[in-house]
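Participant: Single-letter residue listing:
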Amino acid sequence: MEDFWAFSLWAVRIWLYLVISLIMIPAMFGFSLGISETYMTILVKTLEWATLKIQRAKTEERTLNMSASNSLILRENGSMEKELEELRRSRPKSSVGGDFTFSDCFYFTRRGIESIVEDEVTQRFTSEELVSWNLLTRTNNHFQYISLKLTLVYCLGIFIRYCILTPLRLTLACIGLSWLVIGTTAVGFLPHSSAKSWLSEWVHVICYRICARGLSATIHYHNRENIPKKGGICVANHTSPIDIVILCNDACYAMVGQVHGGLMGLLQRAMVRSCPHVWFERAEMKDRHLVTKRLKDHVNDKTKLPILIFPEGTCVNNTSVMMFKKGSFEIGATIYPVAIKYDPKFGDAFWNSSKYSMVSYLLRMMTSWALVCNVWYLPAMHQQEGEDAVQFANRVKSAIAHQGGLVDLQWDGGLKRAKVKETFKEQQQKKYSSMVVGDDSNSD
Amino acid sequence: MGSRASTLLREEEIEEIKKETGFSHSQITRLYSRFTSLDKGENGTLSREDFQRIPELAINPLGDRIINAFFPEGEDQVNFRGFMRTLAHFRPIEDNEKNKNAAATEPLNSRTNKLLFAFRLYDLDRDDKISRDELLQVLRMMVGVNISDEQLGSIADRTIQEADTNGDNSISFNEFIKVLEKVDVEQKMSIRFLH
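Sequence lines, in order, name chains E and Y.
Mapping of the first sequence onto full-length UniProt numbering: residues 1 to 444, in sequence order.
Mapping of the second sequence onto full-length UniProt numbering: residues 1 to 195, in sequence order.
Treat each hint with caution, since some may be false.
Some chain Y residues near chain E, calculated using beta-carbon distances under 8 Å [as the list claims (entries may be wrong)]:
(1) Arg53
(2) Pro55
(3) Phe80
(4) Met142
(5) Gly144
(6) Ile177
(7) Leu180
These aren't lab readings, by the way, just hints derived from the structure by calculation.
In this text, a Cβ means the ideal position worked out from N, Cα and C, and glycines have one as well.
Bound conformation, chain Y alone (with noise of 0.2 Å):
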């Protein structure tokens, strides 16, 4: 399976991707042969249905939001470069970055930017906004049929009136920020990678 993977991948796109990511060299090449084995088209790119037949995910309620993330807006196809971009939100904080983020460019894992990746699972059309019928949809897809029409409005209501700063009934990313500036969004929002 994961044998080709090592052969394939050139040492010059790992040092990229490295660079880009922030993933170490191992990290890269077992990436890789896990890209490889999801890839059952066997053409280099992932499409949603090489996603979705990971289980775990499938029956995952926002599933389709966080497949969705990994595609840029119009494609349907995703390359092992802009799965390892996606993926790089999720790397834990490491202390030695923390302080030489002001004169590089900031990281993909920074808080910002993952906020940014919970943001977007909200906001369904890409405008930069979450509108209450953005909220009752993705509601609507973690609660399934189990609340009610109304009392999952109410939810919606109440949050945004909780977040909503300027009155647009609408939530922009500085108030999403905001709403959850108490929130250790480093840590929840990373995933514990090894080696």
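Extracted from the complex, chain E is given alone in its bound form (with noise of 0.2 Å):
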């Protein structure tokens, strides 16, 4: 029995070694032992053997040749105006009161029944549906048997991510978050200095590379002479909290947001003691004028880091791009857009906060294959002459949809949660009435 103690001591020690000189020292000085590049090159070869069977399998079958779009609908885009035109075109147009036809409802009922079908909104908040099999048993594609060997490999694949990958990051994200709340607390007793702020850095540079090697996370920036400055706002498109992981391994940012309660709140607490975050409280999130005045004030410290703002305000599943809440974009300052892109073979980075906690969804990023994902800093914008903070808001978040290939919607993220505005209901009518009486005679 002590036997078996001293043994599985002696165990745990050699691992906490290894984890150490392997990958924490690297991760201090940013450099990289070569390691996780394997990995990713053994990743990638398997995959692209899997697909191929798949596919070959798929073939063998004649079920259905995989197109590139995972799309069950063409729909019809149209504008109102052109449809009910061609629907009218069969008939003459009366010019006295008013212009209908039966047919007009077939605009309405095809547009019904394709968004029944399919929607721009509902699926991007839910997993990205794959256009091959991954390995891994989640999303759209369940485990499918095609033949012993991709089945045999399947179950090496779950061996390798839940038996030597899963502990080795959980053991890195518990040293990377309790290294971040031990280190920014420290760091919080120094006195106001330049050193001070080095340090912080440093702490919280280190700690954001411990915990993206918790995630076995390769990212490739890409422009990075566009790289955020302080005393400006870095806006970025919104999948899930690792985001912050991702970016913050690259530069440091003062993060804006509400103060959490659990594990998140600690970490909260912890740092904003050694940098100057931005924590609202949840009554004061509301008071859009205190908040727009705390922003304005960071912002115009030059020698505070750039905030890093996420203006969808909710995670999307990474297909899209959905509507900028103007607020940053009325303070004023620099905006730096970044576009984030993961790669979707490798494990679906979308946290659907509605279905999973915070813990369970990052238990499944730590038993996937890993996070590959793609950076792009764009070129800093302002806000030009006779333009509104909600264009100035559109123009961004199209720069960033067009580099990372995302879908520009105009659709507001609160929809995940909250009701359609009658608002918009009102516009079609509008837009209806106006073709059946002419444009002269509305109303209002």
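Mind docking these for me? Both chains are given alone in their own frames, and the hints should help you get the complex.
Facilitator: Here it is as structure tokens:
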């Protein structure tokens, strides 16, 4: 019995030494030993091989040839005017008393049915559908029996992911987070000086590097000359809380957000000691003036770190960018847009917050293959003359969507929880009315 | 999300739906995963609220009428079979389907069934007639507050006059078919399903 304990203690110690020497030290100084690169190469090769196998099996069955697009229907995207015009072609236009035919409802019906089959909003809040199975039992592709070889690889994958990678990643995450709490608290006791902010940045970066390794993140940064600078606001599309780890691996940001409870709250309180993050109480969040003022003060202080904001206000499944809330664009600071695109092949990065808690989401991430993502820094943008905050926000959003290869949507991400506003329906009705009676006779 | 979908739908069920609606195997499984993701109550049926949660449908002026078409009279739940039956009205008519119709029962996506779907949107009380009052109510849904009662009334009057051939001041399904005989219903009431 004693032998057993001695042995397990020894094993744990070796394990920790290995973790520290092979991962922690490189993380501290920001270099890599090439282990994760090797893992990635093997992984990419394996998945390519699996895809090939699956496709071959599929063509043999002559089921369906996978098209590049995953959509179920082809939408008719003509405007209301054009489509109604076409519908009415068969019938002479009467000038008196307004223009209506029974067939007008065809347009609304088809649009309605199309949105039932496939819509732009609700699908953004569920995991992205994959074109090909990635040997994980998640998203739309469940376990499929294709061949014995593939099943063996799948089982081996389970073993590696759950028995080797997960404990390793958990160790790293624990070390990283406790490092952050201890480190930032310690730095918080130092007097204000340039050394303090330098130390604080260093503590933060180390923590994020360790955490990134804890998720086996492979991040490709593009256009690093555009990296956000002090006194600006960095805006990015939002997929999951991991976005923060991804961005902070490369630079330091001041965070803005609501004070949370639980694990998040503990981290927030520790972080704010060493570095001026902007946390709001729930009640304060509602006071728009206060929020704007505190952000303005932060931005005007050129010594403070750039603020990181996710203006979508909610996590979207990384296939699209939804409406940007205008708040961060009203401050008048330089905006540094950043596009983040995860590779869904290696694991689903989207946090479906209405379905999973933070911890269970992180566990899912840690049992995935890896986290591969691309980050593009876009050139700084400024509000142009004659442009209001909403237009500016839309311009930034389009730039991010275009760079990240994401769909640019007008819809509000808040629809995840709230119902759509009546005014949108009224707009449709107004548009239709003007087709019935002509533009000039609109009542308002 | 949709991951449970394909496992819960039995193969025989798929076959039956295939026969009834004409959808392909893969279309049925895909639509089933859509069905389950809309089914927030996770009880295998959809309620009106489940439909209303789709923002694009919620802003559709005729959204409520379209949702209503999925529910048989007096019921407030629709299962996957019923869901598919309604969607089947919007399958495009394929060339090989045009000819074989005569023998078998009329497919759900025939011109007549497509027109019947549209007719029912206007026929609020399901008495197989569109009265002036019903037409006015549906028109009001479509235009909102933007057109005066008076003007809408004259539009309704004129529309009924034009279509009403037997002088009962309402529109029967046959009269409805007659009015729309020149319209390309087959195309305008179809959705291009892929695969």
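Participant: Each hint needs a verdict: does it hold in this structure or not?
Facilitator: We went through each hint and held it up to the structure:
A hinted interface residue such as Arg53 (chain Y) counts as satisfied when its beta carbon comes closer than 8 Å to some beta carbon of chain E; here the least separation is about 7 Å, so the hint holds. For the restraint placing Pro55 (chain Y) at the interface with chain E, the shortest Cβ-Cβ distance is roughly 4 Å, inside the 8 Å limit, so the hint holds. A distance limit of 8 Å between C-beta atoms decides the matter here; for Phe80 (chain Y) the minimum to chain E is near 13 Å, and the interface restraint is violated. With its C-beta approaching chain E no nearer than about 6 Å, Met142 (chain Y) sits inside the 8 Å limit, and its interface hint holds.
For Gly144 (chain Y), the interface hint holds, since its Cβ comes within 8 Å of a Cβ in chain E; the closest pair sits about 3 Å apart. Hint status for Ile177 (chain Y) relative to chain E: violated, with the closest Cβ pair at about 10 Å, above 8 Å. Taking 8 Å as the C-beta cut-off, the interface hint given for Leu180 (chain Y) holds, the closest approach to chain E being about 6 Å.
In summary, the structure is inconsistent with hints 3 and 6 from the numbered list given earlier, while agreeing with the others.
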